[in-house]
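So the sequence lines, in the order shown, correspond to chains A and B.
Quick note: the first sequence, position 44, residue 44 per our numbering, numbers continuous.
Add 248 to the 1-based position in the second sequence for our numbering, that's all there is to it.
Keep in mind the hints are simulated off the structure, nothing from the lab.
Check the hints yourself; a few may be wrong.
Pair ranges (Cβ atoms, derived) [to be verified]:
(1) LEU440/B - CYS134/A: 23 to 29 Å
(2) ALA68/A - ALA441/B: 52 to 58 Å
(3) ALA408/B - GLY53/A: 43 to 49 Å
(4) ARG197/A - LYS379/B: 34 to 40 Å
Glycine residues also receive a C-beta, built at the ideal position from the N, C-alpha and C atoms.
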Amino acid sequence: MNDKKVALITGGIGDIGTAIAKQLDTSHGYVVALDVAPSSEGTSWLAALKKSGCHHVLYRQMDVTDFAQCQDVIASLANEFGRIDVLINNAGITRDAVFHKMTKQQWDEVLRVNLDGMFNVTRQVVEHMRAQECGRIVNISSVNAQKGQFSQANYAASKAGVYGFTKSLAQELMSKNITVNSISPGYVDTKLMEGIRPDILEAIIEQIPAKRLAQPEEIAWVVAFLINEKSSYITGSNLSVNGGFHMY
Amino acid sequence: MDRKIAIVTGGTGGIGTAICQRLAADYRVIACYFKNGKHEEAKQWQTSQKEAGYDIDILYANIVDFEDCVKLVALVMERYGRIDVLVNNAGITSDASLKKMTPAQWQQVMDANLTSLFNMTRNVLPAMLDKEYGRIVNISSINGRKGQFGQCNYAATKSAIFGFSKSLAQEVACKGITVNTVSPGYVQTPMLASVKEEVLQSIIANIPVGRLGNPAEIAAAVAFLASPESGFITGANLDINGGQYM
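Isolated chain A, as found in the complex (with noise of 0.2 Å):
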């Protein structure tokens, strides 16, 4: 019986993702970034984790908007570790468009991956978890749920669904000793932030009274912590990271 914890985290090969992966990797036995990427890319961003001294990680493709799929998968993890401790849901895309402009397509998008993503995966992991009685789960919301922003009707609304799902979620798994909670970055120094012109994004500075970006390991940081054992009494909880940008 294997007594090294299991963490799985989604989107797992994006900047933020392979943050969380470094972090868990001091603490966890096995943490499998699954994502979409074709397998290529996720064997050389393997290598580089591995060059930087990260010993405990896996990559394993997988598409969260495929139920089936996601169910293979973390049913072969399942098997292989023979537990499931972890569960950071942080798979997400944009697809922004003014709303009147904004196609079908578009929004279904977002919302299969954000959302349906979010019901497929945690609905494979939550069965290991009951079983065990112990889990902690974190979803990784986004500060434009709470504050809305222009052009993402589609994204602030997966994202806002985000705090429905963790709180419902939250009281049905606490008499099994599993948490949910969710983070809800601000502006983030990822490569989604490159495509962003420079002007466009020193304003973007200019409104976060910490004047500056977030460094994705700060996002890390946080996800350790809400799943230490000890945050046991943390539960339905969100917590925002985003240097005062938005406060509620």
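Position chain B against the provided structure of chain A, taking the given hints into account.
Chain B in isolation, oriented as in the chain A frame:
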């Protein structure tokens, strides 16, 4: 001399003690104490902490009095030259339904829970601004979020802490200083010891996790927010209530 300094108001209380103990691993901790000047009680507390392996300083100040806070902070700066963390934890209750609440009950709670927050933070802030580093953690309450029968005074002060924290967070964010709140639910402390057993049982029945919080669990959250790595978390609130209020 290089050790980081943390000040905890109400440091000898149920939650305060746990916060002092938790922070003592990384900081030189100073517990503020007053209780009408009963220094004997504080010394006993300090001795018992020492026996348990925690070396914690005590300074005596009535934090409801601005001048006392001026002196307290001056003394800390003279002795240690820095203040890295301030935990505004001191608080009291004086419950009564509003139709029976006396002006004294209102005023006492305002002074102890809110005026003290101004007094301490106002005096500590210049030291943090000088160093361009600081962590301020204010202890609010679940009842500041949801209200509570018989606590118009207490809930008003605890809600006010959110407005205070979010405003100050905006003012000092670019100076490396974060300001956050922690809102505990019902925690196993001496404050609850006076509650009747059947009332306590009915409280617990309303907490989805099915138990009271542990002071150490609040202290862990304070330590988390006070850590250098939490620099992008500011103006935030962390609920620790076992799912009682979301």
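Cross-check of the supplied hints:
1. LEU440/B - CYS134/A: 23 to 29 Å: Holds - the Cβ-Cβ distance for LEU440/B and CYS134/A, about 27 Å, lies within 23 to 29 Å.
2. ALA68/A - ALA441/B: 52 to 58 Å: holds, 55 Å
3. ALA408/B - GLY53/A: 43 to 49 Å: At roughly 47 Å between Cβ atoms, GLY53/A and ALA408/B fall inside 43 to 49 Å, so the hint holds.
4. ARG197/A - LYS379/B: 34 to 40 Å: For ARG197/A and LYS379/B the Cβ distance comes to about 36 Å; the hint holds.
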